[in-house]
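Enquirer: Protein chains in written order, with full-length UniProt numbering: chain E, 1 to 97; chain W, 1 to 246.
These aren't lab readings, by the way, just hints derived from the structure by calculation.
None of the values given here were measured: they were computed from a predicted structure.
Treat the hints loosely; a few may be bogus.
[Claimed, not checked] With the C-beta cut set under 10 angstroms, the calculated list includes, among others, these residues of chain E facing chain W:
{"hint": "1", "residue": "Trp36"}
{"hint": "2", "residue": "Trp62"}
{"hint": "3", "residue": "Asn80"}
Beta carbons: idealized from backbone N, C-alpha and C, even for Gly.
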Amino acid sequence: MIMAIIIGMAIVTMVPRFIPSFIMEKITLRPWLNRWLNAIPFAALGALVFPGIMSVIPDQPWIGLLGGIVATVIALFNLNVIFAVVGAILTVFLLTM
Amino acid sequence: MESAETATNYRDEQSRVEAVKRGAVAGFPIVLGYLPIAIAYGVLAKQSGLTTFETTMMSVLVFAGAAQFMAANMIAQGALFLQIVIATFVLNFRHFVMSMSFMNKVRSLPLKWKFGLSIGLTDETFAVSSLNGEESKKKHGMYFFASLILVAYFSWVFGSFLGAMIGDALPATLSDSMGIALYAMFIGLLIPSVKKEWRVGVIALVAMSINYLLMEQISLDVGWAIVVSTILASLLGIGLLKEDES
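I would like the entire structure built from these sequences, with the hints used as guidance.
Expert: What follows is the structure, given as structure tokens:
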């Protein structure tokens, strides 16, 4: 029964992921639609970060926020993403010790 | 003539290997973020009554972190097949929107490659791939994306298996701290683009605000909230972005 659930989950996850590969094969887009689709990564990144980041430590939203601020500051120095990740982990680790 | 041909082939061969290497390097931050979360998922799934095989197979077949956590919880609470499948569809529908954007960016690649890459799209592989979108115009660009996605995929599957095998082995404070990893990665991906083009930052901030309103104020399902805020905020791009931006 659990395998049936897993296969059902796999199908409803996979189909929406691959349908666009066929859609984009068939159609060419007007420039304004291109600009819309090009903006999606940045909109998605925003939505994925906030407010989710406040639930890293569920009852202390400010810890997640501080980790995010540290990641932002590190990223502003043009360092590799890895440094932002490690810096944020260390920040949260020290704040929850 | 023959030696010139060999030289060309050799160069192509090299650049394919290079594309794989660069893809793996670009995917490495995802590995760092996935491993602790995958282990936590493995532990939770095992506690929810899944076998090690089922726990690992869910990662192999579904490859979607948030949905797998949710499913493990729902299985533990005795939810029905249809409830879990529908909830998964809602939570993962955002990948449709992301895939539309990414498939547009890599439209020059052959269909079979686009199909394969699209199946491996998660929030994380989408974000890193999109911000390296120019790779699709390079020779062997598909190897860059495939390598990036596979590195992330195997770390997710391996971490899940590890979590199911070893149980709760990471100290709680460490695994809690590592929960920030993927958020930090998203920020680390976003900031350089904002430095290059401030309008991109406006789009991200608007998406954050809409998402916050939808989730905290009207308690919309997190899956729909991300879909709606991503679509609405990216509409701003029509007026704000220039043609060549990707």
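Enquirer: It remains to establish, for every hint, whether it holds in the given structure.
Expert: Hint by hint, here is what the structure shows:
| no. | hint | in the structure |
| --- | --- | --- |
| 1 | Trp36 | holds, 5 angstroms |
| 2 | Trp62 | violated, 13 angstroms |
| 3 | Asn80 | holds, 8 angstroms |
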